[in-house]
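Participant: Okay, here's what each chain looks like letter by letter:
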Amino acid sequence: MYRISNFIGKRSNWSLPYAVFLIIFVALPLVLIMGYAFVNEGGGFTFSNITRFFGDSDALSTFAVSIEIALETTAICLLLGYPVAWLLANSKFNGSSVTIIIFILPMWINALMRTLATADLFNMLGITLGKGTLLFGMVYDYLPFMIYPIYNVLRRMDPSYAEAAQDLGAKPLTVFANVTLPLSLPGITSGIMMVFMPTVSTFAISEFLTNNKIKLFGTIIQENINSSMWNYGAALSFIMLIIIGLTTLLTGSQEEDSSAQGGLI
Amino acid sequence: MNEDNSIISIDHISKWFGEKRVLDDISLNIKKGEFVTILGPSGCGKTTTLRIIAGFETPDEGNIYIGGELMNKVQPHKRPVNTVFQRYALFPHLNVYDNIAFGLKLQGVAKDEIEKRVLRVLKMVGMTDYEWRDVDSLSGGQQQRVAIARAIVNRPAVLLLDEPLSALDHKMRKDMQIELKQMHKQLGITFVYVTHDQEEALTLSDTVVVMNEGVVQQIGSPTDIYNEPVNCFVADFIGESNIFNGTMIADRKVRFMGHDFDCVDEGFGENVPVDVVVRPEDIYIMQRNDKGQFTGTVSGCIFKGVHYEMTVNTPEGQELMIQDYNAFAVGTEVSMIIKPNDIQVMKKERICNTLEGVMTDATHVEILGCDFECLPQAGIAPGDKVTVEVDFEKVDLTDDKRDGVCEGDITFILYKADHYHLTVRAENGENIYVDTQDVWEDRDIVGINIRPEDMRISAKKAENQA
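Those sequence lines, one after another, are chains A and B. Residue numbers for the first sequence, in our numbering: 36 to 300. Residue numbers for the second sequence, in our numbering: 248 to 713.
If you are wondering where the hints come from, they were derived from the structure by calculation, not from laboratory data. Wrong hints could be hidden among the right ones.
DSS-like cross-link-like pairs, simulated, lysine-lysine; straight-line CA separation at most 25 Å [to be verified]:
hint, chain 1, residue 1, chain 2, residue 2
1, B, Lys352, A, Lys206
2, A, Lys127, B, Lys267
3, B, Lys586, B, Lys551
4, B, Lys320, A, Lys206
Values in this document were obtained by computation on a predicted structure and should not be read as measured data.
Working from the sequences, and respecting the hints, build out all of it.
Facilitator: Following this line, the structure appears as C-alpha cells:
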C-alpha cells in the first residue's frame, strides 16, 4: 500500500510544489508565447507575425533604441561600478562591510517605487524628462547588479597575484591592467549580463521617466498586448527572448565557471 | 654602514600589526651569494621579514638596505629582488611562457631575447616543452618550477623564497631541495629562504637565522646552530635534544641529573644555574658496568630506520632520549657516558618569572592584566607600581580557564628530562613561564592561579622616586 510517509520521506518529492509552480507560471507561458507567435487571428499556423516585425519600421527603430539604451546603461554601470567595486573590495579603503550595504541598500526598496520617486524628483527640480533622465533611472536601478559580482570577484582574488606582478616589476597601473582586470573578467561578464538583460526588456522605467516619449522594446510588447494584439505581442516577446538567450550564450561561453568565481548567475 | 660584501642589511627593524608586535628589533646582514634561511615556527615573523625585504610591508622602525641603498620607501617593483610565493601565485590567465616572460616584457627586453631567456630558464628548471601549457593544468611540483623560473629569469640580485616547498609531498620536497641547492650554485645569486622545517634549513643553507615571537634567536651556520644552540628554544626547535636544568659548578664543570660532568664551557661563574643540552646521539649507552658516568633502565625502544631511539630512566627521576645503532631491550640495565665536547651549556634566560604590576588595594595586585590576591605588603600603597617575582613551579594551571584568575594559552612546551617548562601567554600578551609535571598540549587554553604566599612583591624603585 502506498503511504504518505514514504512519499514525504523521499527528498526529491519535496521539490514537487515548486515544479508545479514552474510548469504553470514559467513553462506554460513560454509554450503559449510560442503558440501565439506562430498563429494568426484565425488560429492557423503562420510566420507572418515574425515577418511583420522586420517590415515594421516603428518596431525596428524602437528595437534599435532599446538596444542602444541597454548598451549605454551597461557601459555607464560598468564605468561607475568597477571603481566602486574595487574600492569596496580593497580593505585599505573599506574597513567594514557597512559600505557595501549602503550600495546594496537601494535594492531593498521596490524598483517601481524608486522609479516613481525619481520621476517626481526630476519634475520638482524642473528637469525635462527625456533620454538623460531615462539613463539616469536605468543606471540608478541597475548599478548594484554591476557592482556586486565585480566586488565579489575582486574580494576573493588572492592578493598574491597583484603582489607577484609588482614583484616582477609592474607599476600599480600595470598591475591593474595586466593582472587585476583580466582576473576580474568573470565578475565583469556576470555584471554585464545582470544589467543588459533586464534593461533591454524594461518598459516601466521609460514610461515613468520619459512620460513614454522614448519607447523601448518592452513598451511596444506591452502596448500590443494591452490592445489585445496577442499574436504580434507574442512574436515580439519571442524575438526578445532569443536576443536575451543569445547574450547569455555569448557571455556564458566566455566564462563557464563564473558562478564559481563569485558571479551572481 | 654596510660591509662591502653584504647585499641585504636589516637594521633594528620593528613592525606592528595593530597591537601585536610581530617583529621586535630585528637586525640581520646577508652576504652576497649566500643561501640564508629564516627558520621558525608559524607566527614567528619570518614571512613578515621576507615581505619587508620584498617591499610588501614597510618597517615601523628601523631601516632596510639592499645593495647599500635605503629601501624603506621603495616600491616592490623597483627593488632588485624577486619572490617565489608560497602558493606560487602564477597568473591563471597566462600560460607558462607568458608567466615567465611577464617581468622581461615589462623591462622592455627584445622579443627574441625574451624567448631565448625563457627557454633557457625552462630548461634549467627541467620544464622544457611546457611553455604553451596552461598553468592550471600543471601539478604542484611543476607549478613550483614555473614559479622559480618566473623569478630567476629576471636575474635578480636576491631571490626570496617563501616556504616554496611546503605544498609538496615528502619525496618531491627532497628532490627539489637538491635542485634548489644546485640552482643556487649555478646562479650565484643570494637566496633568502623562509621555512618552518628545520631539516630543510640545515640541508640547504649557508646561514640559518632562527626566529621566535618576532625576535632573532640565533644566527649561524647549520653546524653552529645544531651543535651550539644559544638557548632552549633553538635547541628544542632544531633537531632532537635532551634539555636539563643544571648548575655550572666552576669552569669546565657542570652538574645536572644529579651528577657532575666535565664540559668545555668557561666563564659562567661559580654555582650559576644554567640550561644544558645533550643531543640524543651524543649519549653513549652500554650494558650496565662500572665504566659509565651514570646508570639507568631502558623503558622504551623504537626502530627508526638508521638507528634505535631509546627512552632511559635514571634513578634520579630523569628521562633521557638516546639514539644508538645498537638496540637495548626494554628493562635492560644500562650505563651511560657523555663526553665533555657533547655537552652544550647555555645561560638561563631567566630563573623565575619577573612581572610588572600595580597594587590595586592592600591585598590585590594587578599582573598579566588580571587582579591577583596577594599578602598585605608593608610600605607599598595601593596604586604603586611593583615588581612581582614568582617561581616557575609555583604557578598553577587549571584545565578550565574559568577556574583561574587569569586566562592564558600555552605557546611553547619544553621537556626538561623530569618536568615540562611551559610558556603561557596571558590575555594581555605577556608571557608567564611554568614548570609542571602535568602533560599539557600546545595551544591549550588554561586558567592561571598564583597563591598569595608565592609572590615576592617589591616596589619599583625608579617609579617611587619620581
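Participant: Can the restraint linking B/Lys586 and B/Lys551 be considered satisfied, given a maximum Cα separation of 25 Å?
Facilitator: 24 Å, holds
Participant: Are the Cα positions of B/Lys352 and A/Lys206 separated by 25 Å at most?
Facilitator: 13 Å, holds
Participant: Assess, step by step, whether the Cα of A/Lys127 is no farther than 25 Å from the Cα of B/Lys267, and give holds or violated.
Facilitator: 19 Å, holds
Participant: Next pair to validate is B/Lys320 with A/Lys206; report whether the Cα-Cα distance is within 25 Å.
Facilitator: 15 Å, holds
The structure is consistent with each of the numbered hints, conforming to all of them.
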